[in-house]
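*Asks:* Residue 44 in numbering that gives the first Met the number 0 sits at position 45 of the sequence shown, and the numbers go up by one each step.
If you are wondering where the hints come from, they were derived from the structure by calculation, not from laboratory data. Please note: incorrect hints may appear among the correct ones.
Restraint-style ranges between C-beta atoms, simulated for each label pair [claimed, not checked]: (1) Ala59 with Trp33: 40 to 48 Å; (2) Glu1 with Ile70: 16 to 24 Å; (3) Ala66 with Leu20: 18 to 26 Å; (4) Glu51 with Glu26: 39 to 47 Å; (5) His53 with Glu25: 35 to 43 Å; (6) Leu9 with Gly52: 17 to 25 Å; (7) Glu54 with Ser24: 36 to 44 Å; (8) Gly43 with Val71: 13 to 21 Å; (9) Ser23 with Leu69: 16 to 24 Å.
Idealized CB from N, CA, C, for every residue including glycine.
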Amino acid sequence: METVFDWVTLALFAGLIVLFLQRSSEEQPRDSLWQYLLPASGCGLANYVGNEGHEFLAVAIIGAIVAFVLIVLRPFAAQK
Numbered sequence: 000m001e002t003v004f005d006w007v008t009l010a011l012f013a014g015l016i017v018l019f020l021q022r023s024s025e026e027q028p029r030d031s032l033w034q035y036l037l038p039a040s041g042c043g044l045a046n047y048v049g050n051e052g053h054e055f056l057a058v059a060i061i062g063a064i065v066a067f068v069l070i071v072l073r074p075f076a077a078q079k
């Protein structure tokens, strides 16, 4: 845990875990497990790329992760 990318991607990944656990405890889960694979893998990729010195690419990947979560997983949407 030495770089800002370590902390940011860890926070994003922890948020994904909390969202997954909360959604999986619902009577009718609205998400499937595969929908969490892309942003979770993106967290690892963004961390690696950022630690290798490609800051702009890492920030772009983090932005894509946040956009994917907001558009596809919709963490702030009310339950139907």
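*Asks:* Compare the structure with each hint and give your call.
*Replies:* Hints and how they fare:
no.	hint	verdict
1	Ala59 with Trp33: 40 to 48 Å	violated, 23 Å
2	Glu1 with Ile70: 16 to 24 Å	violated, 31 Å
3	Ala66 with Leu20: 18 to 26 Å	holds, 22 Å
4	Glu51 with Glu26: 39 to 47 Å	holds, 44 Å
5	His53 with Glu25: 35 to 43 Å	holds, 38 Å
6	Leu9 with Gly52: 17 to 25 Å	holds, 19 Å
7	Glu54 with Ser24: 36 to 44 Å	holds, 37 Å
8	Gly43 with Val71: 13 to 21 Å	holds, 18 Å
9	Ser23 with Leu69: 16 to 24 Å	holds, 19 Å
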